[in-house]
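J.: Protein chains in written order, with my numbering: chain A, 1 to 331; chain B, 332 to 663.
One thing to keep in mind: the hints can contain errors.
One-sided and incomplete, this derived list gives chain A residues near chain B with beta-carbon spacing under 8 Å [stated by the list, open to error]:
#	residue
1	E46
2	S47
3	S159
4	D189
5	T192
6	H216
7	T220
8	S222
9	L224
10	A225
11	A242
12	P262
13	R263
14	L264
15	I273
Calculated pairs, EDC-like style, for lysine to aspartate or glutamate (alpha carbon to alpha carbon, straight line, at most 20 Å) [as the list claims (entries may be wrong)]:
#	chain 1	residue 1	chain 2	residue 2
16	A	K256	B	E529
17	A	K205	B	D605
18	A	K204	B	D596
19	A	K204	B	D605
20	A	K201	B	D605
21	A	K256	B	D596
22	A	K201	B	D596
23	A	K255	B	D596
24	A	K255	B	D594
25	B	K474	A	E271
26	A	K256	B	D594
It is worth saying that the hints were derived from the structure and are not from the lab.
Even glycine gets a Cβ: it sits at the ideal position worked out from N, Cα and C.
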Amino acid sequence: MKAGAPLLLQVQDLRLYFRTTRGAVQAVDGLSFALGHRQALAVLGESGCGKSSLARAILRLLPRNVHTYTGQVFLNGAELMSLNEDRFRREVRWSGISLVAQAAMNSLNPVIKVGEQVMEPLVTHRRLNREEARQRASKALQLVGVPVDFLDRYAFELSGGMRQRVVIAMALVADPPLIIMDEPTSALDVLTQANIMNVLKGIKKEVGSSFLLITHDVATSSELADRIAVMYAGQLVELGDAAGFFPGPLHPYSKKLMTSVPRLRGGSRPEFIPGQPPSLINPSAGCRFAPRCSFRFNRCQEDPPLVEVEPGQWVKCWLYPANSNAGSHAG
Amino acid sequence: MQAEPSLVVRDLHVWFELRRWGFGRAGVVRAVDGVSFSLGPGEAVALVGESGCGKSTLARTVLGLYRPSAGEVVFSGKNLGELRGGEMHGYRSQVGYVQQDPYGALPPFMNVRRILGEPLVINKVSRRSQREPRIREALEEVKLFPVEEFLPKFPHMLSGGQQQRLVIARAMIMKPKLLVADEPVSMLDASVRVEILELLQGLQRLHNLMLLYITHDLSTARYFVERIMVMYAGKIVEQAAVDELLDRPLHPYTRALIAAIPDPDAANAATFQDVPPGEPPNLLHPPSGCRFHPRCPAFIRGLCEVQEPPDFELQPGHLVACWLYQSGLPAS
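Please take these sequences and the hints and turn them into a complete structure.
T.: If you want it as structure tokens, here you go:
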């Protein structure tokens, strides 16, 4: 990790297991990563790999059946896990980290004007009066490209793309340094999706927010991400700069994931990944991707550590010896 | 006429009337508004468009689930509108339907054997001994091995990909001539999508099926069909062979669509995309003239908002409904 000013977000050995009748589901299993200011980290993975649980674990939005919830989360150097629920709610949620949840555009309140809903975090978290809150809300709406007169409309009067913009405005309005977005565009049409990604790029440039973008859509993630984290079966298998990752992913799973993306320009025919991800209840002891991996060898029965193969490029695979500074961008 | 199955859609309109209040009429939604195309034997075609453009309505009309308000659907020389009870039954057994949401499309209380047996029972294959081999064959075709293990399972015991295979097996069980697949992979994970599409393409080639692949995703259409039709606000605005359409898109909407689909590349983050503003129109009150004109970067004032563009055929098989091409291809 780099020295100097504290990183915006640091996550260390974060675990979130859920209790079920058949055993503990290891949804987030020992994740460690960091995110700097004005950075966007995309967390890529298939459904069920634990990426949405990661968002829940960071924001401590837990269901009732929590089995294990351990690890450390630092925001601007301050530890969050030790805060009590009341302080966490007041000091972290929305003012420190906000969330655009999956399909959030469908969870706007149908009987409250959208303007009121955008103002709400300001009134509750920033204790602004209604006049100020309304002004800042209209600013936030302008930033995401929603006409200001929409403040007085209801959610059902807006199209899907406009509702998604409203939800993003809600996440922005209290100026949190970090915004977590869980599949922000996957329910939207192609052109609307491109419009929203333009909005997010603008926010990153102008406001300087950091993003944790959780998605299964590799191509769309490249629109925003500076860094890429790949999750498989509850664990981080690769972490690196977007500039290095997209042309040459290291982990065998990342490579397969990249070849499964159909491309519109050039490129070869997409391929699928044979087999299925393992169950997160009592997963096997070794590398969790080994059963589907074409590079599998004996050592894969042991769990590989996440090692830094090049500065800033981390991978959890026995194929890559730690600290070899040789420029082996395989693939 | 019996020899080669084909599908011809001529000037199809499907309008839905909104509920009336007393004498007042709320209006009609013009979901499909003058669509013509045809599918030759063994041809795979993609219908690409955004949500609400009418592509699913078109699919369901082809399946015989909606009646056209005007125009016709002709399958192997027979007009669907003229089929009587029993004949419609016969038509449906020749058309397979692969739904978008596999879990929603499968009855949760039936096991695999019954799900696949049901269409056979309905089509009067009354003996179990006749049904069983066909059920096994269909499961093998969609690669749900070992068959023995899958037969007693219920839909919730299958993964998303396996459920979609089962839906495909059900669509194939009557040995149809035409397969209509409505967003068959949009609910599935990226890594499974390609697998399902390869399966569909394999079946289509093996049995020389006609395939109508409905999707919002141009990048998958590229690999799995021969021809692409682009639909916008109830109309087909451009159609051409895959490579022709992707290499030389003509309609401003097609161009925007292609430009808006990123390929994974770290350089994307540095630039803003050039996307037309706005959203697709409400089909209750579609714009006058060309329906794309309010968003179009190449809008010709005095023409585009007044008159609807007809189809111009610039190359054999490459049709575009845009006034920019009224006097052929502009010199470039």
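J.: Going through the numbered hints above, which ones does this structure break? Give me the numbers in ascending order.
T.: Failing hints: none at all.
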